[in-house]
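These are the residues of each chain, in order.
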Amino acid sequence: MTVSEIRKQYIAGTLSPITVVENSLRVIKEKDGEIHAFLDTYADEALALAKVAEQEYKNNGVNTPALLGIPVALKNNILVEGKRASAGSKMLENYIASYDATIVTRLKKAGAIIIGSTNMDEFAMGGSTENSAFGPTKNPHDLSRVPGGSSGGSAAAVAMGAVPVAIGTDTGGSVRQPASYCGVVGLKPTYGAVSRYGLVAMGSSLDQAGPLVNTVADAELIHNIMSGLDAHDATTIASDTYPAVTIKKFYTFGVPRDFLGVGVDADVLANFEAHIDSLKAAGHTVVDIELPLFEQGLAAYYIVMPAEASSNLARYDGMRYGLSVDGKNLLEVYEQSRATGFGAEVKRRILLGTYVLSSGYYDAYYGKAELVRHKMRAELEEIFKKVDIILTPTAPTAAFKFGAQGDPLSMYRQDIFTVPVNLTGVPAISFPMGTVEQEGISLPVGVQYIGPHGGEARLFDIGKQVYDVSLNGDK
Amino acid sequence: MSTMTKEEILHLGTLSRIALSPDEVDKFSTEIDAILEYVSTVKNIIADDASTEPIVGARYNILRADEVTNEPGEYTEKLLSAMPQRDGQYMLVKKILNQDE
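Residue numbers (the numbering used here), protein chains in the order written: chain A, 790 to 1264; chain B, 99 to 199.
Don't read these hints as lab results, they were simulated from the structure.
Honestly, I wouldn't trust all of these hints.
[As the list claims (entries may be wrong)] The list that follows gives simulated cross-link-like pairs (lysine-lysine, BS3-like), each with its CA atoms no further than 27 angstroms apart:
| id | chain 1 | residue 1 | chain 2 | residue 2 |
| --- | --- | --- | --- | --- |
| 1 | A | 1117 | B | 141 |
| 2 | A | 1253 | A | 797 |
| 3 | A | 1175 | A | 1117 |
| 4 | A | 879 | B | 192 |
| 5 | A | 898 | A | 847 |
| 6 | B | 125 | B | 104 |
| 7 | B | 176 | A | 879 |
| 8 | A | 1174 | A | 1037 |
| 9 | A | 797 | A | 840 |
| 10 | A | 1175 | A | 1069 |
| 11 | A | 1164 | B | 141 |
| 12 | A | 1037 | A | 1069 |
| 13 | A | 1037 | A | 1253 |
| 14 | A | 898 | B | 176 |
| 15 | B | 192 | A | 1117 |
| 16 | A | 847 | A | 797 |
| 17 | A | 1174 | A | 1038 |
| 18 | B | 125 | A | 1190 |
| 19 | B | 192 | B | 176 |
| 20 | A | 1190 | A | 1174 |
| 21 | A | 1037 | A | 1175 |
| 22 | A | 1038 | A | 1175 |
| 23 | A | 797 | A | 897 |
| 24 | A | 1253 | A | 1038 |
| 25 | B | 192 | A | 897 |
| 26 | B | 125 | A | 879 |
| 27 | A | 1069 | A | 1038 |
| 28 | A | 1190 | A | 879 |
| 29 | B | 104 | A | 1117 |
| 30 | A | 847 | A | 879 |
[As the list claims (entries may be wrong)] Derived Cβ-Cβ restraints for the label pairs, each shown as a range:
| id | chain 1 | residue 1 | chain 2 | residue 2 | range |
| --- | --- | --- | --- | --- | --- |
| 31 | A | 1196 | B | 109 | 22 to 28 angstroms |
| 32 | A | 837 | B | 170 | 30 to 36 angstroms |
| 33 | A | 1063 | B | 179 | 53 to 59 angstroms |
| 34 | A | 1047 | B | 101 | 29 to 35 angstroms |
| 35 | A | 883 | B | 172 | 19 to 25 angstroms |
[As the list claims (entries may be wrong)] A few chain B residues facing chain A, derived, Cβ under 7 angstroms:
| id | residue |
| --- | --- |
| 36 | 114 |
| 37 | 115 |
| 38 | 117 |
| 39 | 136 |
| 40 | 176 |
Glycine residues also receive a C-beta, built at the ideal position from the N, C-alpha and C atoms.
Using the sequences provided together with the hints, build the complete structure.
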């Protein structure tokens, strides 16, 4: 069920928050032994809050806050006071958060019931949850396949029907790619739209938190509650930071044709072409565009992100919090704590980031990557004078099997369409465009709509027309 | 093109304060070499006039008033309780000056 359907029934008195929370906990109990979307659940607290919510609906009905009694799951790199925030790492396995992230404060204020934390690639580094220190999450559509990542637990939690809303974070595609693999809706907001205060940092110029939900309307609802200026995060933007986008009856879509030649599976491409046809049939205009620098995006991303991650993760030193391994001197405590606490992918990115930032290489790598990024923004600005929305598949393939991406580079290539969005800071949404058949199983694949800076309203408008309406047609 | 030596990987481990096992050094030197070769395509980007202009627009410094916003000790216990080793209100760390040396 969607958030708005649940809310409507709460107000009408035909459904109780207690029933919904109990149902969430039952689904988790029945299915999560196998799927492993959750790291922790907060059953007693959630049920207690549901009882309060039920009474609130009886007393105040429609005047209650917008998410009252709605169960929400949070990726485990989002801080909730008094709860474990492991970030999928041995380093923070026993770390208890000392404060609420701003998005958590806002969700709680809106009445949401936080029902549990979800699994993820360690420190959000990965695209399959295979890098979680606590074991991978399985794709609810096919247990032999990954749910995507790094917000794979959040995507699977929604896809398995445990919660109507889960929050993820997206540094290079970590909300959109699992949304595509699990057949749900995922939003990466404009950089600065959502406060990063209380999120475990990875790439600070790239990170944004966004919802994984069943409909575009729900994405809009949750985003509007989480977003907005925050005194705790100086990079947050106001509603008028960027010019307001126009909402139209018919939109012009741009398809970067050359960019699609980078190894998209034939069955994904067939779905994408069918999606384009359906947009044209609905009266929209679809034109070919050129984004030559976007093909450089992945290379620039795998310089900028490790550089920022290596700096951010310097804080895990075994001193103030997190894992600490004893040694004969201070240096050994640092080196052993970090050797024991971090997994292979995290170490790989820290070493890579340290290399590209080191004296003598900085200009050749980081300097050039920032230049690419700057030129990509300029390229995008020109394109958005001609088109309203840029269209790509969310990922080049459907969900792959565990262990299928053997070397780091082939895993990184899954992010080819999503990383340019983070590098340029624009918003993008992924929702299902169809399915592909593999070994007799239907696997969902997503389409990505990219808007201009501050253009979420346009993405929601067209997304509701295209995707939400198609869902209603199915009923 | 193999440029990343095992010594370099060990040096990066030292810089980033991570003790690396011999197996990790082997694995990372191959993998990081491949990644560096891939990302090196950015070196072909040539700076033109437009790209050397400073980025303006949405990004500027935001500063708050320099004033205390919490009660003394309000968060002290919460933060201290996360420390692996403490002594009262102090964090315990290893000695960094050794008189024998």
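These are the hints, each one checked on the structure:
The suggested pairing of residue 1117 (chain A) with residue 141 (chain B) is violated, with an alpha-carbon distance near 43 angstroms, which exceeds 27 angstroms. A hinted pair counts as satisfied when its Cα atoms are at most 27 angstroms apart, and residue 1253 (chain A) with residue 797 (chain A) qualifies at roughly 18 angstroms. With a CA separation close to 63 angstroms, the supplied pair residue 1175 (chain A) and residue 1117 (chain A) exceeds the 27 angstroms bound. Under the criterion of a C-alpha separation no larger than 27 angstroms, the hint pairing residue 879 (chain A) with residue 192 (chain B) is consistent with the structure, at around 22 angstroms.
Of the supplied pair hints, the one linking residue 898 (chain A) and residue 847 (chain A) holds, its CA atoms being roughly 19 angstroms apart against a limit of 27 angstroms. With a C-alpha separation of about 10 angstroms, the suggested pair residue 125 (chain B) and residue 104 (chain B) falls inside the 27 angstroms cut-off, and the hint holds. Among the hinted pairs, residue 176 (chain B) with residue 879 (chain A) is consistent with the structure: their alpha-carbon atoms are about 21 angstroms apart, no more than 27 angstroms. Between residue 1174 (chain A) and residue 1037 (chain A) the alpha-carbon distance is near 15 angstroms, which keeps this suggested pair within the 27 angstroms criterion.
The hinted pair formed by residue 797 (chain A) and residue 840 (chain A) meets the criterion: a straight-line CA distance of about 18 angstroms does not exceed 27 angstroms. Annotation: proposed proximity of residue 1175 (chain A) to residue 1069 (chain A) holds, straight-line Cα distance about 17 angstroms (limit 27 angstroms). Distance restraint check for residue 1164 (chain A) and residue 141 (chain B): the Cα-Cα separation of roughly 14 angstroms lies within the 27 angstroms cut-off, and the hinted pair is therefore satisfied. For the given pair, residue 1037 (chain A) sits about 15 angstroms from residue 1069 (chain A) by alpha-carbon distance, which is consistent with the 27 angstroms threshold.
For the suggested pair residue 1037 (chain A) and residue 1253 (chain A), the alpha carbons sit about 13 angstroms apart, so the restraint of at most 27 angstroms is met. Restraint check for residue 898 (chain A) and residue 176 (chain B): satisfied, since their Cα atoms lie roughly 23 angstroms apart, inside the 27 angstroms limit. In summary, the hint linking residue 192 (chain B) to residue 1117 (chain A) is supported, as the alpha carbons are separated by about 8 angstroms, within the 27 angstroms threshold. About 13 angstroms separates the Cα atoms of residue 847 (chain A) and residue 797 (chain A), which keeps this hinted pair within 27 angstroms; it holds.
As the CA atoms of residue 1174 (chain A) and residue 1038 (chain A) are separated by approximately 18 angstroms, the hinted pair is consistent with the 27 angstroms bound. The hinted pair formed by residue 125 (chain B) and residue 1190 (chain A) meets the criterion: a straight-line CA distance of about 23 angstroms does not exceed 27 angstroms. Distance check on the hinted pair: residue 192 (chain B) and residue 176 (chain B) sit about 23 angstroms apart at the alpha-carbon level, within 27 angstroms; holds. Only pairs whose Cα atoms come within 27 angstroms are accepted, and residue 1190 (chain A) paired with residue 1174 (chain A) is rejected, the gap being roughly 40 angstroms.
Restraint check: the Cα-Cα separation between residue 1037 (chain A) and residue 1175 (chain A) comes to about 14 angstroms, which is no more than 27 angstroms; the hinted pair holds. For the hint pairing residue 1038 (chain A) with residue 1175 (chain A), the CA-to-CA distance comes to about 16 angstroms; that is within 27 angstroms, so the pair holds. A C-alpha spacing of about 19 angstroms is found between residue 797 (chain A) and residue 897 (chain A), which places the hinted pair at or below 27 angstroms, so the restraint holds. Taken as a hint, the residue 1253 (chain A) and residue 1038 (chain A) pair is honoured in the structure, with Cα atoms around 12 angstroms apart against an allowance of 27 angstroms.
Restraint check for residue 192 (chain B) and residue 897 (chain A): the C-alpha separation of about 41 angstroms exceeds 27 angstroms, so the hint is violated. Straight-line distance between C-alpha atoms of residue 125 (chain B) and residue 879 (chain A) comes to about 21 angstroms, which keeps the hinted pair within the 27 angstroms bound. For the hint pairing residue 1069 (chain A) with residue 1038 (chain A), the CA-to-CA distance comes to about 13 angstroms; that is within 27 angstroms, so the pair holds. With a CA separation close to 25 angstroms, the supplied pair residue 1190 (chain A) and residue 879 (chain A) stays within the 27 angstroms bound.
Under the criterion of a C-alpha separation no larger than 27 angstroms, the hint pairing residue 104 (chain B) with residue 1117 (chain A) is consistent with the structure, at around 25 angstroms. With a CA separation close to 44 angstroms, the supplied pair residue 847 (chain A) and residue 879 (chain A) exceeds the 27 angstroms bound. The given range of 22 to 28 angstroms is respected by residue 1196 (chain A) and residue 109 (chain B), whose C-beta atoms sit roughly 23 angstroms from each other. Look at residue 837 (chain A) against residue 170 (chain B): about 33 angstroms separates their beta carbons, and that is inside 30 to 36 angstroms.
In this structure the supplied range 53 to 59 angstroms holds for residue 1063 (chain A) paired with residue 179 (chain B), their Cβ-Cβ distance being about 56 angstroms. At about 30 angstroms, the CB distance of residue 1047 (chain A) to residue 101 (chain B) agrees with the hint of 29 to 35 angstroms. Take residue 883 (chain A) and residue 172 (chain B): their Cβ atoms lie about 24 angstroms apart, and the range 19 to 25 angstroms holds. Below 7 angstroms, beta-carbon pairs count as interface contacts, and residue 114 (chain B) has one with chain A at about 5 angstroms; its hint therefore holds.
Hint status for residue 115 (chain B) relative to chain A: holds, with the closest Cβ pair at about 4 angstroms, below 7 angstroms. The interface hint given for residue 117 (chain B) is met, as the beta carbon of that residue sits about 4 angstroms from the closest beta carbon of chain A, less than 7 angstroms. With 7 angstroms as the threshold, the beta carbon of residue 136 (chain B) comes within range of chain A, its nearest partner Cβ sitting at about 6 angstroms, so the hint holds. Below 7 angstroms, beta-carbon pairs count as interface contacts, and residue 176 (chain B) has one with chain A at about 4 angstroms; its hint therefore holds.
Hint check: violations occur at hints 1, 3, 20, 25 and 30; the rest are consistent with the structure.
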